Each structure stands twice: as C-alpha cells, then as structure tokens.
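Protein sequence lines correspond, in order, to chains A and B.
Under this note's numbering, the residue at position 123 of the first sequence is numbered 123, and the numbers go up by one with no gaps.
Under this note's numbering, the residue at position 339 of the second sequence is numbered 339, and the numbers go up by one with no gaps.
Think of the hints as simulated: they come from the structure by calculation, not from any bench.
Take the hints with a grain of salt, since some may be wrong.
To be verified - Lysine-lysine pairs mimicking BS3-like chemistry, simulated, CA-CA at most 25 Å apart:
1. B:377 / A:28
2. A:28 / B:414
3. B:364 / A:118
4. B:190 / A:28
5. A:28 / B:39
6. B:240 / B:155
7. B:190 / A:82
8. B:414 / B:377
What the hints assert, rightly or not - Non-contacting residues of chain B with respect to chain A, defined by C-beta distances greater than 10 Å in every case (computed):
9. 93
10. 130
11. 167
12. 188
13. 251
14. 325
15. 343
16. 396
From a predicted model like this one, the values you see are computed outputs, not experimental measurements.
All residues carry an ideal CB built from backbone N, CA and C; glycine is no exception.
The chain contents come next:
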Amino acid sequence: MSPNNTSTETMTLFSPQLAARLDALVEKYPLRRSALVPMLLYAQDEVGYLSDAVVAEVAWRIGITELEVRNVATYYSMLRFKPAGKYNVQVCTNISCMLRGGYELYERFQEELGIGHKGVTPDGVFSLEEVECIGACCWAPAIQVNYEFLDELNPDQVPGILADYRAKAAAEERSSHA
Amino acid sequence: MPRLVSHPDEVKIVSRRFGLGAEKIDRYIELGGYESARKCLAQGPDWIINELKASSLRGRGGAGFPTGMKWSFVPKQSAKPKYVLVNGDESEPGTCKDHLIFLHDPHAVIEGAIIAGLAIGAKVGFIYLRGEYRYLLEIMEKAVADAYAKGFLGKNIFGSDTEFQIITQTGAGAYEVGEESALMESLEGKRGVPRIKPPFPAVVGLYGGPTVINNAETIATVPYVIEMGGAAFAAVGSPKNGGTRLFSISGHVERPGVYELPMGYNLKKMIYEVAGGVRSGRKLKAVVPGGSSTPVLLPEEIETLGMDFDQVGKAGSMLGSAGVVVLDDQTCIVEFALRTISFYQHESCGWCIPCREGTDWLKKSLTRFHAGFGVAKDIDNIKYLAENMLGRTFCPLGDAAAMPTLGFVNKFRKEFEDHLDGKPCPFAKHVELAVV
C-alpha cells in the first residue's frame, strides 16, 4: 500500500497537474501529515467537494486512515462533503459588514437565486453561503465568489454580479463542448 | 481590490511600500528591501534581540507581548529543530490589515521571518495564511520563489553559510487556528484545537521544537525596526508601545480604511478626523476598539483615550488587533451583541466545556432576547454565564466571547431592558438573525 508501489497516473482521481502538485506537497514539510489540510482544500478545488473517493485517496497519499482524514476535515469550515455550485457565493454578515448592509446584500442574493444558506441552484451554477468575517472589514459589505473578493457592494449590484458569472459559466460550457 | 486610504496624520512605516509595486522583488530591493536582513546577518542574534527590545515592539495579533522578549525566551541550544511561525490566519472580525501586507508588501513578511530565524537560530520558517486568502497566498508564494531565486532563502542566504527555508501554508476556514497552539496543531495536519500551556511554544512548539510565533504584522514590522533602529522606532509611539499600528477602521464612518497611526493616537480624533466622522452626520453610539473580542467603549470614554495597549487596557478594554468598529446611534446593541456571540459560538472548537456550552447558551439567550421574548432575569443570567467563562478555558476564545458580551450588558443595560416583555426592537431591521 505504499504510494511508491503504485503508479499515481493509473490510480489517481485527480488531473495530472493536481496529482503532480500533491506529490510535491507531501515532500515539502518535515512531516508528511502537514500536507493534509492544504491537500484537502486543493482536491476540493478540483473535484468540487470531498467525496468518499477523495477522502480515500488523500488518506492513502498521507498514509493515515480515512477516519483520521474525516476527523480533521470536519473541523474546517471551507471543507465540504456535498457539491457546491460552480460559483460559491459567500456573503459576510459579521459585524463590520452587518453595519454596512451585509444582511440586505445576503437577502438580495437569496431572492435572486431562490436559495438559502448552503443551497445550490438547480442548474448547479451557484451556491450561496452566509459566512463569518472574510477579512475585508474596511471594504464592507464584502463577499467572496469562490476565492475572488468583491467589496463595497450594494444590493442593486447583485443582479449584475450574477449575470457576469452566469455568462462566464455559459462561455466555459461552450468552450468545453467545442 | 481593497481601496488604499491616506491621511496627513499617518506615519507610514509598515505601510510605506503599499501601492508602490513592492510585491515585485526588484522593486522591493530598489526601495531598500532586504538590507535589514543583510545587516542582521552581519550583526548576529544578540544584537537583533537588543534592537527589538529597544524598539518596544509588541505583538500585533492582540496580546501585545513584547516581541524582543518573546524571542529571547527561545533556548539557544536545542536537540530539536527550532521554527519561526508567521501567523497570517487574520480572522478577528473588524481586522483586515494583514490582507494589505500580503497584497502590497509580501517581501517584508519574508524578510522579517529571516530576521526572526537569525535571532533564534531557526533554519525553517512557516507562513500560514487563512484559507480564504487564496489570492494572497499566491502572491506570497511568488514572493517566496523570487527570494529563493535571488539566494535570499535557501542553504546559503545572501551568500553566507547560514540556512533559512520558508514554507507557505494555507488554512481551510477556522478562526480558532489564529490561536498559537491551535495553529501549530493545524500545521501538523490536525484539528485546530489548542494545547494546554505550559509548556509554551518557545520551549515546545511546532513538531515539539522551540518555536517563535508572531502575527504577520509584527513580522512585517521587524525589517522596518532594524532599518530605523530600535530607539527611533520606539520614539514614534507612546511609552512602552513602540512605533505605529495599522488600524482597520470600519463600520459607520465616512472613510473606512486601514490607516497607519502612531501608538497612542487619540481614538476620538481617529474616528472624527482620520476616518471622516460618523456616517451621514449621525451621532456616535459606541466603538469596539480592537476587534470583536474587545469590550465596547462609550463616546465619553474615548475623549482623551490614546490607542495603545496600556491606555486601552486601563479604560477597561483592549487594543487587541486594532480593528476599530464604529457604531452610530441607529444601531441596536442587542442585535450587535447577538451577531458577535453568534460568531464565537460558530467558531468555538468545542474542546473545553465553558467555551462550548457558554457560547451556545449566550447565543440562545441573546437570540430569545432580541426576538422580544426575554425576561428580566435573562440579563443577569447572561452576565453569570459570561463571567463563568472568563479564565476557565484552554485558550482565549472563551474570554474573547465573554468579554464583549459583558461589555454590552454592563454598558447598555437600559437598552437590554427596553427589549423585555415582547417590546419590539427600535432599531433592528431583522427580527431574527440567521443561524450561520
């Protein structure tokens, strides 16, 4: 069961780029296990969530049990065990954002998308999350769409923001079929 | 892209290179970068620690522990490798200063980590960023790769026989990991629960080795301290509070932003002059001076208050992470208190009971209170719960939840009473806050 005995190219769930990145990641630290949290996040970035198969491969790569992987993964709020939308809209409602309209913004996203906290739109393009402070307090209210920050927003900008991401999703869809 | 601000009262030391393209290594060098590290390499550990002690630089994460003293606690001889750990898990609500440091001046973080490594005799440093800061991690990783390419990091830094490596690390969403021992657990690939102390990290830290852990702002300040000289840096601030601080001013002000002001700068002036006053000409109701865990201050308490660790402490609050959150007279304190405790309830790791149960019951009590179903004895119950969390938890998260709650109840008791017996909240737009 040693990772060295099996060719990762035949075994892995991940793209060759990610597999190579994860191969390098475990070598980076004084202890292999230090790669666990980043590995889970990078795997989730590609797969969309921590599926059973992702958990199993990460456990194998680090050399710990799947239970240990789950034990750690459940601690971190960004890690998830169910798919999110292609664009995960994270609206901060913590104090600095709340004072400048974070809840009004969050409500507008709920209305426009027709989903609530941790919901996913039927087409899978968007998911929505109310999140804790994202470190953009002086540029409130702020959101993150996946890893992108958008700040100093007002609710009237919501339809435009969603239209931009919808267009982006459609363009990617077209190019993947081309 | 986060907006940069400026004000004539600012003293730009740590933010001096913001907006100047210093994330590119050649530009950083052109602006005097990496000279401090070279100087420290020539002068040696005792000289570095003495300069830091002379500078009165205190930890920017919130506790305000003198940096030079912290470094001097690391044993000179150690069987296990020593480590430098840069805490960039910036998560205290109201605080976004490290965001700008990583964005505009990543090499100052690297240079500061090198200097810390030289001071304590560590060969490896870690820079840990919260998971949400992915674009900043990418900037940091590029900067680290560039520093390796120049020979500033590696087996022979700056052509010497001294080694220093830097490893970057991402978190994955956890406020608690900002606590030093929880951060070490996370870096070791575990749940971010705190460790019991003692032993302190300076003796037994990451992988069991002696470890210096500092906030990213503290580390980024170090090269500037060396450049100016410890005494000159100390002279910028107030007694025992050297230099400047990056104040994140947010909430109901006209010009929110991150402003670099000398330690001891008057809080009233900070709100009314630097940040342009309370928004839309409204009146000031309260101010949270140092991030969401610090007890609230009333307008009459800030008149002559200088923003340094000792003066804010004397006023019954804390300078904390210097996240100044301003509340106008249309803000419901009960709602604000509920949002604050909801955060700590969400982030409590559950490792120790007073924090896990305390934050949960405080949230339940305040939710009921805010919805108008509170009864008179709830107010004292809230106080009782919070008081019994103080000092009874492994890490400061329990205190961070209890202290602001006590502040709100003690200073705005009348407003809590006004919510009793089904009376509607005069300010809140939301009947019930969503459960995060």
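Starting from residue 364 (chain B), check that the Cα of residue 118 (chain A) is at most 25 Å away, please. Holds - the C-alpha atoms of residue 118 (chain A) and residue 364 (chain B) are around 22 Å apart, at most 25 Å.
Whether residue 188 (chain B) stays farther than 10 Å from all C-beta atoms of chain A, as the label says: violated (6 Å)
Status of the stated non-contact between residue 93 (chain B) and chain A (beta carbon gap over 10 Å): Per Cβ check, residue 93 (chain B) is inside 10 Å of chain A; nearest 4 Å; violated.
Given as non-interface: residue 343 (chain B), which should sit over 10 Å from chain A by C-beta: Violated: least Cβ distance 6 Å, not greater than 10 Å.
Tell me if the straight-line CA distance from residue 377 (chain B) to residue 28 (chain A) falls inside 25 Å. Distance ~56 Å between residue 377 (chain B) and residue 28 (chain A) Cα, so the pair is violated.
For residue 396 (chain B), which was marked as not at the interface, is the minimum beta-carbon distance to chain A over 10 Å? holds (17 Å)
Is the hinted pair residue 190 (chain B) and residue 28 (chain A) satisfied, with a Cα-Cα distance of at most 25 Å? Roughly 17 Å between the alpha carbons, so the hint for residue 190 (chain B) and residue 28 (chain A) holds.
For residue 325 (chain B), is the shortest beta carbon distance to chain A beyond 10 Å? violated (6 Å)
Distance restraint between residue 28 (chain A) and residue 414 (chain B), which requires alpha-carbon spacing of 25 Å or less: Answer violated: residue 28 (chain A) to residue 414 (chain B) is near 57 Å, above 25 Å.
Restraint status (C-alpha distance of residue 414 (chain B) to residue 377 (chain B) at most 25 Å): holds (14 Å)
Holds or violated: are the alpha carbons of residue 240 (chain B) and residue 155 (chain B) at most 25 Å from each other? violated (37 Å)
According to the definition I'm using, a residue is off the interface if its beta carbon is farther than 10 Å from all beta carbons of the partner; does residue 167 (chain B) meet that for chain A? Violated: least Cβ distance 6 Å, not greater than 10 Å.
Of the numbered hints given earlier, the model fails hints 1, 2, 5, 6, 9, 10, 11, 12, 13, 14, 15; all others are met.
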